[in-house]
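The primary structure of each chain is shown beneath.
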Amino acid sequence: MELDGKKVIALGERDSVPGEAIAEVARSAGAEVIEVRTECFV
Amino acid sequence: MDPDNQALIKRIVDERGADGIVVMLGAADAEAVEVAAETVRDGDPAWVGPLAGVQLGLPVLHVFEDEVKQQADDGVYEEQIGFFEMTLDVDGVNEAMRRARGET
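Chains as they are written, first to last, in the working numbering: chain A, 1 to 42; chain B, 1001 to 1104.
Treat the hints with care, since some could be wrong.
What the hints assert, rightly or not - Taking lysine-lysine pairs in the DSS-like style, the calculated list, with each CA pair at most 30 Å apart, reads: (1) A:LYS7 <-> B:LYS1069; (2) B:LYS1069 <-> B:LYS1010; (3) A:LYS7 <-> B:LYS1010.
Said to hold, decoys possible - Per label pair, the in silico range of CB-to-CB distance: (4) A:ASP15 <-> B:PRO1003: 26 to 32 Å; (5) A:ASP4 <-> B:TRP1047: 31 to 37 Å; (6) B:GLU1103 <-> A:GLU2: 29 to 35 Å; (7) A:ASP4 <-> B:GLY1057: 16 to 22 Å; (8) B:ALA1007 <-> A:GLU32: 18 to 24 Å.
Source of the hints: derived by calculation from the structure; they are not laboratory data.
From the three backbone atoms N, C-alpha and C, an ideal C-beta is built for every residue, glycine too.
Assemble the whole structure, with the sequences as input and the hints as a guide.
Structure follows, in structure tokens:
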């Protein structure tokens, strides 16, 4: 799947990969990040 | 998948449509990854959240998958994900994503 031009919803987790890290990766691939969340399981 | 995230995704698709939207996951637990992928494609398998019975059909990728890594900037990927690749179960996650897509 080509990420360039896609609209990405980044769903991270506090105990694994946070949403903002996913968003940075997606942006670097040319995607538009439309939402960033980091879930917390405590 | 957390009901709040289900509600968020449902709202976005209701407002903008599903065209061009991709969900990208960062969870490290294989079962959670598999359930999340199933939820945004076919609906909440537990039938409790806002996506119960709602088949959005959204494509899902995990940030650990080669498909993502190969398209990302190498420096950004290493800076943002490198540490997690070393400490989390990348193979388990990738296998869960293949299962979720029916590839295994």
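Of the numbered hints stated earlier in the document, which are not met by this structure? Result: hints 4, 6 break, sorted rising.
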